[in-house]
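*Asks:* Whenever a hint applies, use it, and build me the whole structure from the sequences.
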Amino acid sequence: MVITSSIFDAEKPSEEEESDIVVPRLEKASKTTELVLSTNQLQEKDGKKFLSLTSGPEELFRVDFITEGWRRLNSHDMESCKLSFEKEIVGDVDIYPDISKDDTEWYTIDSERFEAGPVSVTLLPNKLKFFYQPRNSESESSNLEIQR
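Going by the UniProt record's numbering, the residue at position 67 of the sequence shown is 67; the numbering climbs one at a time, nothing skipped.
Hint data in this document are derived by calculation from the structure and do not stem from the laboratory. Careful: at least some of the hints might be erroneous.
Stated by the list, open to error - With beta-carbon atoms standing in for the labels, derived distance ranges: (1) Tyr132 <-> Ile99: 38 to 44 Å; (2) Thr122 <-> Pro97: 28 to 34 Å; (3) Ser52 <-> Leu73: 36 to 42 Å; (4) Arg72 <-> Lys48: 45 to 51 Å; (5) Gly69 <-> Gly91: 30 to 36 Å; (6) Ser100 <-> Thr122: 15 to 21 Å; (7) Lys49 <-> Asp94: 23 to 29 Å; (8) Arg72 <-> Pro97: 22 to 28 Å; (9) Tyr132 <-> Phe61: 30 to 36 Å; (10) Tyr107 <-> Lys87: 16 to 22 Å; (11) Glu88 <-> Tyr132: 31 to 37 Å; (12) Gly117 <-> Asp64: 27 to 33 Å.
What the hints assert, rightly or not - No farther apart than 35 Å at their CA atoms in a straight line, the calculated lysine-lysine pairs in the DSBU-like style are these: (13) Lys101 <-> Lys48; (14) Lys31 <-> Lys49; (15) Lys31 <-> Lys87; (16) Lys48 <-> Lys31; (17) Lys101 <-> Lys28; (18) Lys48 <-> Lys28; (19) Lys28 <-> Lys87; (20) Lys49 <-> Lys28; (21) Lys129 <-> Lys101; (22) Lys127 <-> Lys48; (23) Lys49 <-> Lys127; (24) Lys127 <-> Lys87; (25) Lys101 <-> Lys87; (26) Lys31 <-> Lys127; (27) Lys101 <-> Lys31; (28) Lys87 <-> Lys129; (29) Lys127 <-> Lys28.
The structure presented is a predicted model; accordingly, all values stated were derived computationally and were not measured. Where is the CB? At the ideal position from N, CA and C, for every residue including glycine.
*Replies:* As structure tokens, this is what we get:
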């Protein structure tokens, strides 16, 4: 697969400067057993948002697969992976998988299977806004239980 990504820059330019800036793109060929794309939005509430691209080893032996699976199941933490992982901080990423005409490859996104193809991912800050009214008293929660 070929992965191209823009370099993440923590310094946000002004709107006038932004139109004149050409963001350099990195391109690399990669063969991996696992590719994880995540964001730092849950960790950094007020800081600069970015994407984290993590790729696993090229080959994974059966014993390593089972050991890593049990470790993840018990720790719920991908960051402490014992296998060799390469991690990059990127602004956006394009993924072009190498798929032959006879093969069918799949992406798994939130436990759903999607046929593999070229993918572009860009983080859109503040794109979703959630409005909710927190419960203030026990009477509200008891009313909700009665209505069920």
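*Asks:* Hint by hint, say whether it matches the structure.
*Replies:* Hints, verified against the model:
1. Taken as a hint, the range 38 to 44 Å holds for the pair tyrosine 132 and isoleucine 99, whose Cβ atoms sit roughly 42 Å apart.
2. Under the hint 28 to 34 Å, the C-beta atoms of threonine 122 and proline 97, about 18 Å apart, miss the expected range.
3. The supplied range of 36 to 42 Å is broken by serine 52 and leucine 73, whose beta-carbon atoms lie about 22 Å from each other.
4. As the Cβ distance of arginine 72 to lysine 48 is approximately 28 Å, the hint placing it in 45 to 51 Å is violated.
5. Between glycine 69 and glycine 91 the beta carbon distance is about 32 Å. The supplied range of 30 to 36 Å therefore holds.
6. The hint said 15 to 21 Å for the Cβ distance between serine 100 and threonine 122, and at roughly 28 Å that hint is violated.
7. Here the CB-CB span from lysine 49 to aspartate 94 is close to 19 Å, at odds with the stated 23 to 29 Å.
8. About 24 Å separates the C-beta atoms of arginine 72 and proline 97, a value consistent with the hinted range of 22 to 28 Å.
9. Under the hint 30 to 36 Å, the C-beta atoms of tyrosine 132 and phenylalanine 61, about 47 Å apart, miss the expected range.
10. Look at tyrosine 107 against lysine 87: about 19 Å separates their beta carbons, and that is inside 16 to 22 Å.
11. Glutamate 88 and tyrosine 132 have their C-beta atoms about 35 Å apart, which keeps the hinted 31 to 37 Å range intact.
12. Checked against the hint of 27 to 33 Å, the C-beta distance between glycine 117 and aspartate 64 comes to roughly 29 Å, which is consistent with it.
13. For the given pair, lysine 101 sits about 41 Å from lysine 48 by alpha-carbon distance, which is inconsistent with the 35 Å threshold.
14. Pair hint lysine 31 plus lysine 49 holds up; C-alpha atoms about 27 Å apart against a cutoff of 35 Å.
15. As the CA atoms of lysine 31 and lysine 87 are separated by approximately 14 Å, the hinted pair is consistent with the 35 Å bound.
16. Between lysine 48 and lysine 31, the direct Cα distance comes to roughly 30 Å. Compliance with the 35 Å bound is thereby established for this hinted pair.
17. In summary, the hint linking lysine 101 to lysine 28 is supported, as the alpha carbons are separated by about 23 Å, within the 35 Å threshold.
18. The suggested pairing of lysine 48 with lysine 28 holds, with an alpha-carbon distance near 25 Å, which does not exceed 35 Å.
19. With a C-alpha separation of about 13 Å, the suggested pair lysine 28 and lysine 87 falls inside the 35 Å cut-off, and the hint holds.
20. For the suggested pair lysine 49 and lysine 28, the alpha carbons sit about 23 Å apart, so the restraint of at most 35 Å is met.
21. A hinted pair counts as satisfied when its Cα atoms are at most 35 Å apart, and lysine 129 with lysine 101 does not qualify at roughly 41 Å.
22. Taking the CA atoms of lysine 127 and lysine 48, the gap is about 15 Å. The hint holds against a cut of 35 Å.
23. Between lysine 49 and lysine 127 the CA atoms are separated by roughly 12 Å; this keeps the pair inside 35 Å, and the hint holds.
24. As the CA atoms of lysine 127 and lysine 87 are separated by approximately 25 Å, the hinted pair is consistent with the 35 Å bound.
25. With a C-alpha separation of about 31 Å, the suggested pair lysine 101 and lysine 87 falls inside the 35 Å cut-off, and the hint holds.
26. Taken as a hint, the lysine 31 and lysine 127 pair is honoured in the structure, with Cα atoms around 32 Å apart against an allowance of 35 Å.
27. Distance check on the hinted pair: lysine 101 and lysine 31 sit about 18 Å apart at the alpha-carbon level, within 35 Å; holds.
28. Simply put, lysine 87 and lysine 129 have alpha-carbon atoms about 29 Å apart, close enough for the 35 Å limit, and the pair holds.
29. Taking the CA atoms of lysine 127 and lysine 28, the gap is about 29 Å. The hint holds against a cut of 35 Å.
Hints 2, 3, 4, 6, 7, 9, 13, 21 from the earlier list are contradicted by this structure; the remaining hints agree with it.
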